[in-house]
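Trainee: Here is what each chain is made of, one letter per residue.
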Amino acid sequence: MDIPYIVHARPDTGVNNGKLGVWLFLASEVMLFGALFSTYVFLRVGASDWHTWHSEAGLSIPIGTTNTIVLITSSITMVMAWASLMMKEFGKFRLYFGLTIALALVFMLFKAIEYNAKFSHGHFPGTNNFLAIYYVLTGLHALHILGGIIVNSYLIGPGAKLWRTNAAQFTCRIEAAGLYWHFVDLVWIFLFPTLYLL
Amino acid sequence: MSADDHVGSGNAKHGFWRTYVFSTDHKTIGLQYGLTAMCFLLFGFGLMLLMRWQLAYPEEANPLLKNLFGENHPFMPGGVMMPDFYNQLGAMHGTIMVFLGIVPIAVGAFGNYVVPLQIGAPDMAFPKLNMASYWCYFVGGVIMLASFFVPGGAANSGWTSYAPLSVIATDGQTFWLIGMIALITSSLLGAVNFIVTIIQLRAEGMTFMRLPFFVWAQLVTAFLLLLAFPPLEAAGILQLMDRVAGTSFFLPSGLVISGQPLQVAGGGSALLWQHLFWFLAHPEVYVLILPALGIVAEIIANNTRRPLWGYRSMVYSTIFLGFMSFIVWAHHMFLTGMSTGISSFFQTTTMIISIPSVVILTALVISLWGGSIRFTAPMLYALAFLPMFAIGGLTGLPLGLSASDIALHDTYYVIGHFHYIVAPGTIFAVFAGIHYWFPKITGRKMNDTLAKLHFWPSLLFMNGIFMPMLVQGLAGVSRRLYDGGAAYAHAQDVLYLNKVMSHSAFGLGVVQVIFIINLVWSIKSGEKVSRNPWDATTLEWAAPSPPLPHGNFETLPVAYRGPTEYSVPGSSSDFTPQFQAEES
Chain A
341 MDIPYIVHAR PDTGVNNGKL GVWLFLASEV MLFGALFSTY VFLRVGASDW HTWHSEAGLS
401 IPIGTTNTIV LITSSITMVM AWASLMMKEF GKFRLYFGLT IALALVFMLF KAIEYNAKFS
461 HGHFPGTNNF LAIYYVLTGL HALHILGGII VNSYLIGPGA KLWRTNAAQF TCRIEAAGLY
521 WHFVDLVWIF LFPTLYLL
Chain B
24 MSADDHVGSG NAKHGFWRTY VFSTDHKTIG LQYGLTAMCF LLFGFGLMLL MRWQLAYPEE
84 ANPLLKNLFG ENHPFMPGGV MMPDFYNQLG AMHGTIMVFL GIVPIAVGAF GNYVVPLQIG
144 APDMAFPKLN MASYWCYFVG GVIMLASFFV PGGAANSGWT SYAPLSVIAT DGQTFWLIGM
204 IALITSSLLG AVNFIVTIIQ LRAEGMTFMR LPFFVWAQLV TAFLLLLAFP PLEAAGILQL
264 MDRVAGTSFF LPSGLVISGQ PLQVAGGGSA LLWQHLFWFL AHPEVYVLIL PALGIVAEII
324 ANNTRRPLWG YRSMVYSTIF LGFMSFIVWA HHMFLTGMST GISSFFQTTT MIISIPSVVI
384 LTALVISLWG GSIRFTAPML YALAFLPMFA IGGLTGLPLG LSASDIALHD TYYVIGHFHY
444 IVAPGTIFAV FAGIHYWFPK ITGRKMNDTL AKLHFWPSLL FMNGIFMPML VQGLAGVSRR
504 LYDGGAAYAH AQDVLYLNKV MSHSAFGLGV VQVIFIINLV WSIKSGEKVS RNPWDATTLE
564 WAAPSPPLPH GNFETLPVAY RGPTEYSVPG SSSDFTPQFQ AEES
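In the order they appear, the protein sequences are chains A and B. Take the first sequence: its letters are residues 341 to 538, numbered as in the numbering used here. Take the second sequence: its letters are residues 24 to 607, numbered as in the numbering used here.
Any given hint could turn out to be false.
[As the list claims (entries may be wrong)] Result set (DSS-like, lysine-lysine): computed pairs, CA atoms no more than 30 Å apart in a straight line:
hint, chain 1, residue 1, chain 2, residue 2
1, A, Lys432, A, Lys359
2, B, Lys551, A, Lys428
3, B, Lys522, B, Lys468
4, A, Lys428, A, Lys501
5, A, Lys501, B, Lys547
6, A, Lys458, A, Lys359
7, B, Lys89, B, Lys522
8, B, Lys151, A, Lys359
9, B, Lys475, B, Lys547
[Claimed, not checked] So the derived label-pair ranges between C-beta atoms look like this:
hint, chain 1, residue 1, chain 2, residue 2, range
10, A, Tyr455, B, Val581, 55 to 61 Å
11, A, Met427, B, Ser595, 30 to 36 Å
12, A, Leu435, B, Phe231, 53 to 59 Å
13, B, Asp107, A, Leu486, 38 to 44 Å
14, A, Phe530, B, Trp158, 56 to 62 Å
[As the list claims (entries may be wrong)] With the C-beta cut set under 10 Å, the calculated list includes, among others, these residues of chain B facing chain A:
hint, residue
15, Pro253
16, Glu256
17, Met347
Hints in this document: simulated from the structure, not taken from any laboratory. As the structure is a prediction and not an experimental result, all values here were calculated from the model. Virtual Cβ for every residue (Gly too), placed ideally from N, Cα, C.
This is chain A alone, in the form it adopts within the complex (with noise of 0.2 Å):
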């Protein structure tokens, strides 16, 4: 016996299996990342020279911001990529879908032209408590991208072969993939600020 609304929506609810699934996995995932910004706040409360650690850092504000318009763009052509599937386009969302993937590996090269700056200058995390968020913080992130870089090449790679046996359910992966793909752009969204600008 199949399992049911593996492509189309439970009429009750609203929603298929896999969104839903991804739905609920993003709220685990709020409460990671919300663990960890509260004990940044908290280690940042007790800190008496919290800014003195932050301007020794010497964090780059320009690859900062260049990251993060990346990761916005990347956001954006996951989008087209999805919409190009929904009007049967696949050499288009082949297009978008490999930007996306250029896109998040740029990221991935800039994060590591940061973290060789910092280790150069003997900074590392046991050096002080705002290096050592600032690591664990950005490197979980850094995790989650490549986490992501691998599932879309596989989804553009081998896991394309199933356009051509199930284009529904090959849409509903991509959706899914977008859905993570928005979080962790949104998780850098909040972390680009908290740790580069305050």
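Got chain A; can you put chain B on it based on the hints?
Mentor: Just chain B now, with coordinates in the frame of chain A:
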């Protein structure tokens, strides 16, 4: 349903590995969870028996283990327990019982096996994810067990892993943290799966108010797991950073260890760990008890032959309980120097959360009123659950008020209190559930005589263990003493109770053999029974025993009425199943 929907499990024949080991069938996964968790429960119980020997006969050689450990063994040289090993046992008993025993059996095993059947679904919503969550749990368990063999042994900072002690502890703690991250991942995947299954895969006619109470209990439990576990995952990552990357999230400035200042940046907060930990661990308490209440509710309705009294109140209470459990965590921290304002807030929420628990328990007790009770094996365990849970719950009230908590905190009273809820409470509900659903899993009943031979001594011994703890605790005996209080003047009058508790524990261990024999023997030789041997009303009894692999039912059932329609006036039999179309 369109053609697009026909993807997923399928009915293809699988080989041995896909059928029994890497199965995606919720029933196989449920059994895998159940068997693994029972092994861990037994192992965790074994750790406790070692501790109980030491508490009753401090620093005497254990006669059974004299020859097992050599004279130079770091844990028990010549059978005499070392203090370090006692600490490991304490930490790992708690961790294994909670995270590898009770939660996997109450949620992973019963939830997986029963929930899809009770809502009339062919499987869980995400079968592959289900398999992944079992194997994450398995890996977490292996890491925890492996930690006994690293230098310094397993984690030894308590199951709560309070910082900064845990940060400076031996390598076992790093294993503990990595193991916990695997277990948390498993719970998160499972929770997503349960919620989606219950919301999306309910059979036709199965509205929310027709869900069996067990399903409601599992739904709220899944939400607790989903939202409470991530903060502990965050805390685990932070403590791991403290241990391996030299950060100071939980290390305050100026920490001195054995006369040496600790070479770290400092500036962290030990209390931060406690907040993050208890933010998980209080909802976790309800994760331990809600599935048990669900099991007991099913069995009580079935064996009193009358509907649950106040089904709706029970459902609303469960939801309210789930919500409240997120805002009571700091009652575990009354003695950390919090302000009276904060303390008053958490005392108030703690008193409020006792109300829905009492509503549920009262509804279950009133359900007995006027019923024609059948004292079947599952019913015995379920009935014993009620007073045991009541003792556990009521002894919690003095701990929820900071004035009395000052005297009682960290004494054996606390141990007695929560063990009454989890051991004769949840574990009795688990026994009840195993006896109740065993015919569905195997098509055979467990032996009634053996069940009674297991039940009565277990009830006696459970109380023999935990009732004296309350007495010792009121006398002020600390829960963390390696010698059970022998060195303390104020403990002398209640010291004899250590022997009472320990011998009860050994007795409890012995009678579990009867249960194991019954379980194994009944699989092959139990009395063969029909698909609905208890004359029950919920949908799982419409499926063959065992239910069909990958699909459960011959045809998907339809729910025509509420879950506990027993003794309906004017009906020809004393039960009207949910799946029965119309009274003929």
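Trainee: Look at each hint and say if it fits the structure.
Mentor: Outcome of the hint check:
1. Lys432/A <-> Lys359/A: At roughly 23 Å apart (the allowed maximum being 30 Å), Lys359/A and Lys432/A satisfy the hint.
2. Lys551/B <-> Lys428/A: violated (57 Å)
3. Lys522/B <-> Lys468/B: Distance ~37 Å between Lys522/B and Lys468/B Cα, so the pair is violated.
4. Lys428/A <-> Lys501/A: holds (15 Å)
5. Lys501/A <-> Lys547/B: Answer violated: Lys501/A to Lys547/B is near 47 Å, above 30 Å.
6. Lys458/A <-> Lys359/A: violated (39 Å)
7. Lys89/B <-> Lys522/B: Holds, at roughly 20 Å.
8. Lys151/B <-> Lys359/A: Holds, at about 16 Å.
9. Lys475/B <-> Lys547/B: Holds, at roughly 20 Å.
10. Tyr455/A <-> Val581/B: 55 to 61 Å: With Cβ atoms ~58 Å apart, the hint holds.
11. Met427/A <-> Ser595/B: 30 to 36 Å: Between Met427/A and Ser595/B, where Cβ atoms are some 60 Å apart, the hint is violated.
12. Leu435/A <-> Phe231/B: 53 to 59 Å: violated (44 Å)
13. Asp107/B <-> Leu486/A: 38 to 44 Å: holds (40 Å)
14. Phe530/A <-> Trp158/B: 56 to 62 Å: violated (33 Å)
15. Pro253: Since the shortest Cβ distance to chain A is 4 Å, the answer is holds.
16. Glu256: holds (6 Å)
17. Met347: This hint is violated: Met347/B lies away from chain A, its Cβ roughly 17 Å from the closest one there, beyond 10 Å.
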